[in-house]
Every structure is written in C-alpha cells, then in structure tokens.
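Residue numbers (my numbering), protein chains in the order written: chain A, 48 to 481; chain B, 48 to 481; chain C, 48 to 481; chain D, 48 to 481.
Read the hints as simulated data drawn from the structure, not as lab findings. Hints are supplied without guarantee of correctness; some may be wrong.
Which copy? The list can't say, so a pair holds if one copy fits it or any two copies do.
As the list claims (entries may be wrong) - DSS-like cross-link-like pairs, simulated, lysine-lysine; straight-line CA separation at most 30 Å:
{"no.": "1", "residue 1": "Lys154", "residue 2": "Lys282"}
{"no.": "2", "residue 1": "Lys463", "residue 2": "Lys282"}
{"no.": "3", "residue 1": "Lys49", "residue 2": "Lys154"}
{"no.": "4", "residue 1": "Lys259", "residue 2": "Lys282"}
{"no.": "5", "residue 1": "Lys49", "residue 2": "Lys463"}
Remember, it's a predicted structure, so these values are computed and weren't measured experimentally.
4 protein chains.
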Amino acid sequence: MKEYVFRDPVHGDIAVQDPTIIQLINAPEFQRLRRIRQLGTSFISYPGAEHTRFAHSIGVYHLMKRVLDHLLAREPGLLDPETRVLAMAAALLHDIGHGPFSHLFEKLTGMNHEEWVVRILTDPGTEVNRVLRERHPTWPEAAAALVSGRWEGPPFVAELLSSQLDVDRMDYLLRDSLMCGVSYGRYDLERLLSTLTVYPGPRGPELMVAAKGQGAVEAFLLARYFMYWNVYFHKATRAVEMLLEKLLQRVLDLLQAGDEEVLAGVSPALVPVLRRETPSLDQYLSLDEVDVLAAIKVWAQSRDPVLADLARRFLHRRLFKGVRLTSPPGPALWERLLERVAAAGFNPPEYYLGVDRTENVAYSYYYLPPEQGHRHPIRILDTAGGRPRIEEISRRSRVLAGITEPVTRYVLFLPKEVADEVMPLLEPQLLFDL
Amino acid sequence: MKEYVFRDPVHGDIAVQDPTIIQLINAPEFQRLRRIRQLGTSFISYPGAEHTRFAHSIGVYHLMKRVLDHLLAREPGLLDPETRVLAMAAALLHDIGHGPFSHLFEKLTGMNHEEWVVRILTDPGTEVNRVLRERHPTWPEAAAALVSGRWEGPPFVAELLSSQLDVDRMDYLLRDSLMCGVSYGRYDLERLLSTLTVYPGPRGPELMVAAKGQGAVEAFLLARYFMYWNVYFHKATRAVEMLLEKLLQRVLDLLQAGDEEVLAGVSPALVPVLRRETPSLDQYLSLDEVDVLAAIKVWAQSRDPVLADLARRFLHRRLFKGVRLTSPPGPALWERLLERVAAAGFNPPEYYLGVDRTENVAYSYYYLPPEQGHRHPIRILDTAGGRPRIEEISRRSRVLAGITEPVTRYVLFLPKEVADEVMPLLEPQLLFDL
Amino acid sequence: MKEYVFRDPVHGDIAVQDPTIIQLINAPEFQRLRRIRQLGTSFISYPGAEHTRFAHSIGVYHLMKRVLDHLLAREPGLLDPETRVLAMAAALLHDIGHGPFSHLFEKLTGMNHEEWVVRILTDPGTEVNRVLRERHPTWPEAAAALVSGRWEGPPFVAELLSSQLDVDRMDYLLRDSLMCGVSYGRYDLERLLSTLTVYPGPRGPELMVAAKGQGAVEAFLLARYFMYWNVYFHKATRAVEMLLEKLLQRVLDLLQAGDEEVLAGVSPALVPVLRRETPSLDQYLSLDEVDVLAAIKVWAQSRDPVLADLARRFLHRRLFKGVRLTSPPGPALWERLLERVAAAGFNPPEYYLGVDRTENVAYSYYYLPPEQGHRHPIRILDTAGGRPRIEEISRRSRVLAGITEPVTRYVLFLPKEVADEVMPLLEPQLLFDL
Amino acid sequence: MKEYVFRDPVHGDIAVQDPTIIQLINAPEFQRLRRIRQLGTSFISYPGAEHTRFAHSIGVYHLMKRVLDHLLAREPGLLDPETRVLAMAAALLHDIGHGPFSHLFEKLTGMNHEEWVVRILTDPGTEVNRVLRERHPTWPEAAAALVSGRWEGPPFVAELLSSQLDVDRMDYLLRDSLMCGVSYGRYDLERLLSTLTVYPGPRGPELMVAAKGQGAVEAFLLARYFMYWNVYFHKATRAVEMLLEKLLQRVLDLLQAGDEEVLAGVSPALVPVLRRETPSLDQYLSLDEVDVLAAIKVWAQSRDPVLADLARRFLHRRLFKGVRLTSPPGPALWERLLERVAAAGFNPPEYYLGVDRTENVAYSYYYLPPEQGHRHPIRILDTAGGRPRIEEISRRSRVLAGITEPVTRYVLFLPKEVADEVMPLLEPQLLFDL
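Work the whole structure out from these sequences, hints included.
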C-alpha cells in the first residue's frame, strides 16, 4: 500500500492512502495553494503566520477523515465507502478557489472565491476535475454541490464541511492560534471529536453533539470569538489590509487614467485583474501571492510617488495608525479629515485615509442559508433519562448567551504623522478600547 | 549560593534561593501538605488527580515571585526587598491550614481551614512560626494578616494572594486541568502575567490589568467557569464526596450511640475529630489523608454492616447514582424517597440518600469582604488616548456578562439499585442535562 | 453502548467499551492499584510524582489497544477479535501483582511481584479471575502466560507486552516524564506507533519497526537512558529508598529481638510481611501504601530512638547525603566508616550507612529470556529496493552503539553531619560527577 | 516605555524594549528577511516549513537576551549594559547576509553569506549601519566582529553567538522541529538555559555548563543529530534542492550560450546573479525569494523545453527519485547512467542526473576556527567536592561518544521514469536504508 505522510505542526502525522486523494494533492491547482497564505496579510503583525492554504487544506481533509471514521466506528452503515472518500475530497478542495490575499481581491474585483471553486471543480480542463471524474463521472458535480451548500445527500456531511461546527473552523482555529503564537484559538479537539454524533432528520442523519460535549463546544465557540477580536481583527493586521487596499486602488486609478507604465514588470496573470477584466480560468489558476508581492517590489520603484510610497510602506512595515470610533465619520468630518491629511502633504488624501468596518457574530442560534454563510444552529442531543431530546446549544449555555449578538467595530486609519493633530476633531466619537 | 530546584509538571523548574523560603519548605507543617491531595476525592473520577497541596503551594509561591519580579522590573521601588520575600512566604503558606479532604472535614467538624492557618503561623510552637520569627519578629503576624485578608500594606500584594485574579487560582486552574487530563482550565499564563500592572489607590498601589490583557483575563475567568461545572462539580466526584460524608456520619452516629469499637485501629490523630472534640494544634498537625484512608480500610472490615458497606463502596468505587433536580425535594417527597430506599434494603435509609447543592459565581463584579471570599472586581487600566482610565472588566466584556450571576445545582444521590424505581416520583422536578 | 471514559494527563480521553475490561477495572484487586504509586518513593524528590499504578495500567491498556488496532487496520486477519481483547486485558493487569514500594518490598521480603501477578490471575477466589474465567475458561491461564512470558500464541503480542519496545515502557516514559516535570522521557509516540509492523517468524508474526521509524525508536531508547540516569536513579530518590530500607530493617530487627511493641497500631495486613512470613493472597491484596505510610507515622512516635528518628527523617524529608564512589568500599574502609558514624552519635551505625548499587543497560542487542527481563532485540524491517531485509537496530545506528553496555554506579549514603569528616577516607575512590 | 511585543509560536511573547533593537528590526535590510525562508526548499517536503529568517532572528535575539539576563542575575558585573545590548543586536542581525535559498545561491554564485553580513553591517549606506553607528561609532565594526568570529571581548559572548552551544542552534532546532511537525529537534530549553554558566579563562569569562546540565546538553546535541539526518537531509528536500540547482544551471548555461530571452520578465535584482556578476550591495539587498519564485513561474512558460520542464517540476512538486549509494559513482558508471537517462528522452541528460553528498558531525570535541565553523568543544564545570573541574563533555558521556565522527551520505537523483531500469547498474554500490 502506497501512502503519503505529511508531518503537520498541528495534527502530527497525516497519512493519505486513497489514490484519488493523493492525485488531487498532486494536481497543479492544489499545489498552487502552497503560494497562498491562510491569513493573507497577518504575517506582518504575527511573524509566524506564514502558513498556507495548502497546509490548512490537508488539515481539513484529515479532520473530515477523523470525524467520519469516528462516526462510522459507531454506526458502520452510516455512509457508503465511496461517499466517505467524496466527503474527504470535498474537504481537501474546499479552498481551492481562493486567490492571493483573498478577501481583498474579492472586494476589489468582485470575484467571489466560492464561484471559482465550483468552476475549478466542474471545468473539464482542470486536473482536479479529471481526477474526480475518473473516480466517478458524478463526482465533480457532487463535490461542487458539497462545497457550495447545494448537496442533497446525508445532511451531516454538508454540515461537517460548512457550518458553525465544521472541520474548516476546527482546523483553522488551532492552526492560526499556533502560528500566531497565541492561545486564544485553542480548544479540546479530541474531546470535541469524540462527542460528535448524528440523529435522524427528515432528509437523513444530521450532525449533533452528545450532552457531555457541551463544554467542549462552548470552548470551541469562545475560541473563535477570541480569535476574531484579538487576532483576525488585530488593528495592525487591518492597517496592513488598508494599506494594500489603498495601494491597489492607486494602481487601478492610474490604469484608468491611462498610465500603462504601472504594468511594466508585472506578471501577465495579474494584468487582467488590475484592468478589472474577468480573468480566464487559466489566468486565475496561474495567479498567486508571488505575483502580487513581486509587483509590489516593482511598484516600490515606480515613478508615481504615491504608488512608490505605499509600496515601500508595505514592504518595510510602516503602517497607518488606527483610531477606534463609535460610528463611521459623517460627510462633514470626512471632508475636514481629508483637508488635514492633504495639508500635511499626503496627496491625494484619499490614499491615506480609510475607515475599516469589522463585524462578527461568534455564534448564531438561528439558521442562515448557504449564501449568507451556512449557519446551522448547533444542537445538543441529550439522552439522559432514556428519552433523546434535542436542544439548540445557546438555550443550555449561559456563557454563549453573551456572544450571539453581532459586534461591529469602526477604525479610522491615517498616517501616524497627522494622528495627533486630528485627534481633537475625532473626540466626540472616539472610543477607548483594547 | 545554595538553591533548591523543584521540577514541576506545570511550571517546569522552580528554583528557590531565599534561605527563609527553603526553611519553610522543610518545616514539618509544610511537608505534611505532601499527604493532602489538592482535589480531595476527585482522584476517584480523575485517576491523574493525585497531586498534593504541597506541589500546588510551591507553584503558588513561584507565581507570586514571578508576578512581583515582573512588577518590580518596571517599577523598582514598588516594594522593598523584605516585603517581597514576605509575600512569597505568605503565598507558600496560604494552604497550610488545610486538613484531609478539607471541605468535607470543615463541614463535619465546623473547623475552618482559614482559622487553622492563622493559628499555625502565629503559635510560637510551630516550626514555620520559628522560621518566620527569626527572619523578623513581625513576620508571623504579617503573614497571617496577608493570608486572612487583614493586611494593611500595599493592597496589590493582598490582591495577588487572594482575589478573583490571584496566584492561587492561576496555579490551581492549570494544575488541576493538567492532572485531570482536561483542557477546560487552560489559559495563557504568560500573557496574563505580562499584562498585570498596578495603579495608585488611596491605600497604596492596587492591582490592575493593562487593556491589552483583557482577552487573557476573559479566558482566565472562563477557564474557572469551565473547571467548576465540568470538573470540580463533576457528578461522580460529588458522588464520592457524598459517600465519604455518609460514611463519616455513620462513624459519628455510632460513636454517639456509644459504640467505641469503631475507633479500634484508627490513628490517634483522628480520634478527637471523630469525637467532635476540637483537636489540639499538635493533633491537627499530625492529621492527614493517610489517617483517613487507613481508617476507611479498617472500617471496611467493621462489624457494623452499614459502615462496612459504605467503606467498601469508597475503596472499590461503587458510587451512588446522581439525578439532577430543578429544586431540592420537599419534606413529603423526601419521606417517600426514604421509604423506597429502605424498602429496597438500604437501612437506615438516611445513609443512602442525599442532596448535593453546588453553587458558583464565575466572576463577581462587586466587592466582597474577606469573610465572604475576598472578591475584588478585576479592573482594566486603559491608557489609550494618553489619559489613564480604570474600568471594571465586565463593563467592557460581552462574554463575561453571561457569567456574573450565581448558578445553583441540585443533585439527588441514591443507590443505583433504586434509581429506576424512584424516577417517576422525581419526574416533576427532573432536569435533563450534562 | 455503555462506555467508560478516563481522562488522562498523558493520553487524553481513554474510552473503554469492552464489558470484560470494564469489569476488570472495577475489580477490587485492580482498584487497589490506586493506592500504589508508580514511582514508589520518587514523589519525595519530584513533588509531582504522585501518579499511581492504576493510572499507568489504564495507559498501558490504551496503548496495547492502539497498537493492535493500528496493526489490524493494515492486516485485518492478524489476530482474532477475542485474542485482541485478551491482549488488552493482559496489558491492563500486567502490574496487578505489585505491592507498596515494590522493589523495596521485594528486596526485603523475597516476594516477587511477577509471582503474585500469576497467582492473582489464576486463583479462583479473586474477582479478576472470575471475570476472565467468565469470558472464557482458558483466559486466566492465558493472561498469566502472556504476563509471565510463557505465551505460545503469536509472538508479537507477547513482545508488545514485554520487551524492549513494549507498551509498558511506552506509557511509563511519557507518564513519569510529565509527572516529574522533566523532558528526558519524551519521544514521538505517534510516529513510533505508526511505524510498528509485523513480519512472519517461525512461531508466527513477530514485532518489527519499519525503516522510516528508526529515528523514533532511537529517540525512544535514548529517552529511557536519560530517565534512568537522571530520574529513576536520582541521588535524592535513592537516598529516600535507602532511608526506607534502613527503617524497615530496624523494624525487622526489633521484631526478631522480640520487641512486639513495634507492631502496635500497625495495620493487620502489614504484620506478616514484617514478621517475614509469607502473606496469604487475601492479606497481600489488602496491602497498599496507606498501610506503610500509616505505620511510619506510628513509628515516628516510637520509643525506640533509632526507629523514631528514621521515621521522622522520612516524613519530614531529612535525607542522607550521597557520595559517588568508583567501586564499593572494601571491608577495612567499611569498618572505619562505621566507627566514624558511630562516633558522631548515630548508633548502631549500620542504620546510618549504606551503599547503593544501580545498574542499567539502555538497550541490549541480544536476546534475554523472560526470567532475565524479556529482552528481545529490536528489529528494523527495511523494504527499500523491493526485498524485505531485517536488521537488529544497533547495527544501523551510531547513536545506539554508545549505550548498549551496562553502566554501574555506586553511591555511599550517610548522615550529612558526618559527610565532611569522612571525605578524606573516601578520597581514593571518590568520583566527581552529576 | 514604548515596547514591541512579537507573539512567537516557539517562545510565546517576545518583548523588545531597547530603542536601538526596535530600530534595527524596522530597518529595510532586516524586514527583507521576512521574504527568505529559514529552511529554503524544505517547505516542499514539510508543508509547515514556511517560517522565515525574520522570525528566527527575533528568536535568536530573544534567547541571547534570556541567557545574558540569566548570567547577569548571578553575576551582575559580568557585562556592562551597553555590551549586553550590542550582543543582542549581533544576535538579531547574525543572518542578515543571507540571500534567497541561501546555500544553493552560495554554491552557484560563490557569494558567501558571511561576507555579506559584514558588508551590510559596515557599509555606511545601510540603515542598520546608521542605527548601530548612532548608538556608538564602534558598534558596526564590533557587531561585524562578533558575527564573524573576530571578537576580542569576553569570549563567552562570542561563544553564545556562534559555537556548538549557541543561541542560533537553540532557536532553530525548536523552530524547525515545530514547523516541520516533527519532535526530533525538541530538547529542554529551560533546563539548558538555567545550567549555563561562565568560568574565567585567559581572555575573559568562557561559556560552561554546570554539571547538572549534562543531560540537557546531551539531549540538545542529539536533537541536532536527529534533525540533520531526519529533516535537513530528508531525501525529498534534497531532491527539491537538486531540482532547483539543475534549473538554475540551465538558466546560466542558456545565458552563457547567448539566449537573453531567459531574462525576460525576471526581476532586475536577479539579473546580475544569473549573469554571474557580483551584485552591488543595493542589488543584493533588493533580492529575496519572491524574485526567484516569480522567475520560476516565468520560466515555466519558457520556450526552452528543458527549462520549462524543470520549472514545472518545481512548481508542481514532481521530484527526482533518490537512490542511496555507498560511494559516488565512478566515471564509467556515470557515462552509462547519462546514456540511459538520455535514451529515456531526458536531454541533455546532465540536467536530469545528479549526486548529492551530505556530511555532518553531530558534535565535535576539538576546536575549529571560525572559518571552519567556530566549533568550540562544550565544557562541563563540575563543582562537586568543592574544587571546580572542567571537562570536555564527550569525556563524560557515553551517548555522545557515538556521534562525534563525521557521517557522509551519497544519494543519486534521477527521473522516476528511469529508476527501475538503471537499478541493476547501481546494484554493487546500492545501500538500503532510511
């Protein structure tokens, strides 16, 4: 038996035996994920956060395998062997549509990574499509259905792949936590896995947690809450994001103004994106963070002083300062801020001033459809007293009650050099906080 | 420089250099803590929970030293060198008044471990008193004042020793969590330590947490919440506690009825306690868990069938079954329960039926005086914007808001053999849960 | 499906499902292991080392289950399901013959724990015998054969239970290392487990390690080497051992001289042992460390000054000083040492002077039969190049070559008070080292 | 006090307070290390091994600080405060001369990273030079002397920076081990640090290890041994290295043959290197792994089929197969191998066939000067018996005796497709092993 063993900082040895899974890992579309970081620009605030979507995807595959094998050990007929492998393949491939610095590129270009994943899986020209198709003609569509929330097989499989208790989150909380050198995202994975179970629903078995797993789920949801507010929305990370956004905006604006020089030395794969054209599948698949970083290095030498300044700020980590506000600035305040920034020599001021809005719900107790984020409430299966009862977890948990409301945060970013001066303007809506 | 190094499962190497601290550790009153488990009867549900108050006390000493050294590195004049050692000594000795299976013994005998600690520190006949006295004549009283909340020196020292953010909790959460094989009690100790700070108050510097430590404190308080409800109040542990209570009650009752045979083979140190006499200091100090366990082994051979049965249940782990109730049973129901238990052959039924009431507040945002548990609210010192502001932490934290109310739980314990039969009687106040 | 879950500091959750295993764990003979420490007197030098043979035995069971399930996943017919459970039962029970402070008691009394385990398993009066017998009439004998090295079934099962690569060592290295707060005994358990394999031999499948596991085995054997010389043979631990030996010797001598008072207050189970009579099975099974510690507390109040002094030294940790020698002292030197010790007021001096000899071979590359310690050489199965080749591991490993010779160490123990004075006498054979 | 806190996966929070150190970290020359991986091409075999020289350098700084603070706590006058900061700065900057895929580039270009570090530190045009110079005019030279082994201050400082027991190794063993998901490189850092000490030598205090640290040093040296043979020399990693070497060789050869097209789309910083010209300091400092990876992506589209094939093999991880040999192939065998590879369609065969020679000494007990790798023997300071004695560690350690000889390994790499066919040719010098 031929097997691949990946040695993983989070899960230890990950052995891959199924030949289809091995072929999918070797496909160029999947190898490309080696060149896309899991946390985009976070590596600038957390020097350890260089881990890639490649490593994360292998981890997600591994957890899907572990959960299914745990469930199958207790109920051998729960899933047929081929669907088990299909679920593992979908877990492996769930992030294959991501581009470099994903959320930012989605924002700038309007390209959605969920659409790309479906396209990559179902286009007959890709290697992953070929491998899936050779296992079974229906697999490309089936994997796409699983990844995009349109799956009609046993519901627990789709919930494991995408829900508030999915293997994606299970992996990324531990991985991001380890790599960022923080402990916010740690929870008891072994305990959580061992208390997952299923219960019959109208469309087949649904995912549940046994009552003795309540503590483990609470800790898991709190881990996510802590990671959002302490790491993912870390002010320095958002400052880098803002910088990169302004930098790319400058490139787009220069191009729109007819300055083609900005494309010199930039890799061909990046060109259509910068021109706001929809890239072909081939172009998209040849695009990764190397292209973006190489372009930024080129732009640092640009004759456009704004572009060169923003690129150098990125490369040498000279970030904007962030000031937390209670609400976004209104038009009048915005005008005055632009004036001050311009007066301090940052021109045009639009590239040096921005408001970052972040929002998160740590746990949502009501259902949201796939297009709003696949939020299934987490349900506890309590068999005490001999009669199985199912309860949505926040009804049983004091500690979760506090985190089911969305939290929104506004941060104004601007050059350090003007910060002191504009503080008085901001005073009325200034928020002092963590 | 002579130093002792303790190698500790929680903190790694703990080096002790101060000669007074070394002498205190070598004192018989402190060595006795080797024979008193940190978690009393929890070892029966958690086979790893054999750790002692000796190891915990060394850990508390170590954390006090680390916190003080961290604060002194930033503000060298904060504490004079002698008071630093005194605080470390008080941390080391804070549990020296505990007897075997502490809470149980306190309940049965009315002896309070906090009174004993003061007595042990201030009685001129003890070795710890002698060692403290030789360092400075005022130290026995000063250490007692610190341990019992009557300290009039810098408030932050007393808060570090006994508050909702004290080194006692910092140690026991990590230690109990590790030894019980769970992860509920883990939090980021290093982060928490590095964000502790002080701020001037009316009576001297008070303990604060820098704003960037908010996440670490939240996780610390949640760790305690999880440990209480998942470990310390674990149903099996409470069942053992109940069993031991019933067993000792049987001994006391037999003695009161004049059956002196129950004392045969029991160690002399245990006799006054069983006779409900107040032991002398010497007697108290010679008492530890060896005496209790040896007595239970003797009682397992008793001619009294109830005593022998209860002792064997303890030794061989045949526990009562616990049923959670919404409220304690009223007198009528209690009578009917006693009848059923008696009818099933468990006589007298009082030894086979009990209600366990547990209550905990994970975090209390208002002040409670020493005699009610030294609850100081935890305060965040926020220096953002240049002006220091102090806020009680739950005002800034959504997640803590959910856990500031006391939670009470009632569990009825009875022999497994009668459980099924009495279930219908309990139905109206039955609670299904973890 | 009813299951027990043990939460273990070393392995996390250990789930037990087989009803026979659950019944064995509940048997009084097994519950007794809760009162016998894994490392005897080491808790005095390592405050965390309070862990019991009960917790270790559950860990050994768990590892046997993991290894067998790993091997069976690759070769389903390797073992029939009943033999799998038998092997797990034998792993669980392998230490059931141990008495309190095992090696010391074996030395003093000539009672061998390996004989007791066979007796406990095969005597029809024990609960473990009843449980095994009810699963299958042949199981008591089969389990005894496995534990004592007389097993005639598939050799790899016996090797897993008792060899230089057995599940006993795998558990105790990690457990002792964690509890002692050291890292000497750590190795990569997951890697080691995943590279275990079997290969056909004349009497059935034998245990091998796949070539890619060589590094993991090297680290495992080095872990044991480091634990022996740094922890198990730690000078302070040996000093406690020596103290306990002298103390018990004093009791035996007083008894032989007719002083029956020394038995007053001592538990009945201990009496035959102290009288050097062979205890009955019932007496042996009622004996644990509680009896010994309770007796030492009694002896600390003895009217015999030597006994009282030695007992108090043990309770309050006033240890002998150890001096390393190149060879044991000859008769002339011994006489002079006794004189000096006596002259310093330690009388009779025999109770205050002792030589400790420790010897260990980290790895033995040749076979030793069960009665000499079941040493099977560890063999690597190399399938590179398509042709399986088997090699004894030290032939492939430079680093192991250095540790295949036995090492012997001599330490002279004597009261601290005389140490300086006798140093010049020892000079010629003094060894300076760790 | 302004401070930076880096959150590190290996060491937790790393606080930086000294303003010079903060400025050095912010210097573009240091920020550039974010774009150079610590382990070059290992990320291809170990998906977690994406960690950078930036993170490693911060770790080395941190360990230097910890060791110096430990030594200064015991001997406050050991080092003046400014030299302490200088040593920390040198630790931070020790790797600043590295280029992308360092060892490979050194090999291809003859540029030595140790020369570049001296140049970067001492050239008045760099930011790090400016920052050092502003602290003290002598610092650029002093830091260069420390890093390059020409330091004439207290010897222990230089030994801490570069020896067989230096903070560089202490960091990289733990970091590489964690990131590669293996446990080979773990050792007890806390124990090791706490046993470091100094002893007067002819030129000032020299680095020693206290006798009780012997076990920790042995484990540290073994960790390095294991990392070399299991990770750093992992066959797949060497295969990637070989592939990259062949790929770059092809580029150099094409250029030498006048094919300038190969430079199209390649970043300007890379051009002089490929032309085998010595880059200017500015060019060198603008070069990082982004340039190399971007070029490989360009070359994957090259019209030269060999270059395109090799580049795609690198990007999609289609590696050469490695076969271990007892000695390098002689000229006759080499010819026949070339023929076979060519016959299988890999032309010119020189780009598809290579021999990798790796050599390592785990520990060298004799002194080697800086230019041969700064090997200082590690010395134990034994104070037992009151008289300090110094011994080279391998004289006291059986386990180290086995690993003081150099080990050399030869691996032949060739396309998988020809491997089976050429096996018979290799037979006489084939070595079967890990």
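How the hints compare with the structure:
1. Lys154 <-> Lys282: Classified as within: same-chain Cα gap 19 Å, cross-chain 42 Å, threshold 30 Å.
2. Lys463 <-> Lys282: within (14 Å within a copy, 49 Å between copies)
3. Lys49 <-> Lys154: For Lys49 and Lys154, neither the intra-copy (43 Å) nor the inter-copy (35 Å) Cα distance is at most 30 Å.
4. Lys259 <-> Lys282: between (37 Å within a copy, 12 Å between copies)
5. Lys49 <-> Lys463: between (57 Å within a copy, 15 Å between copies)
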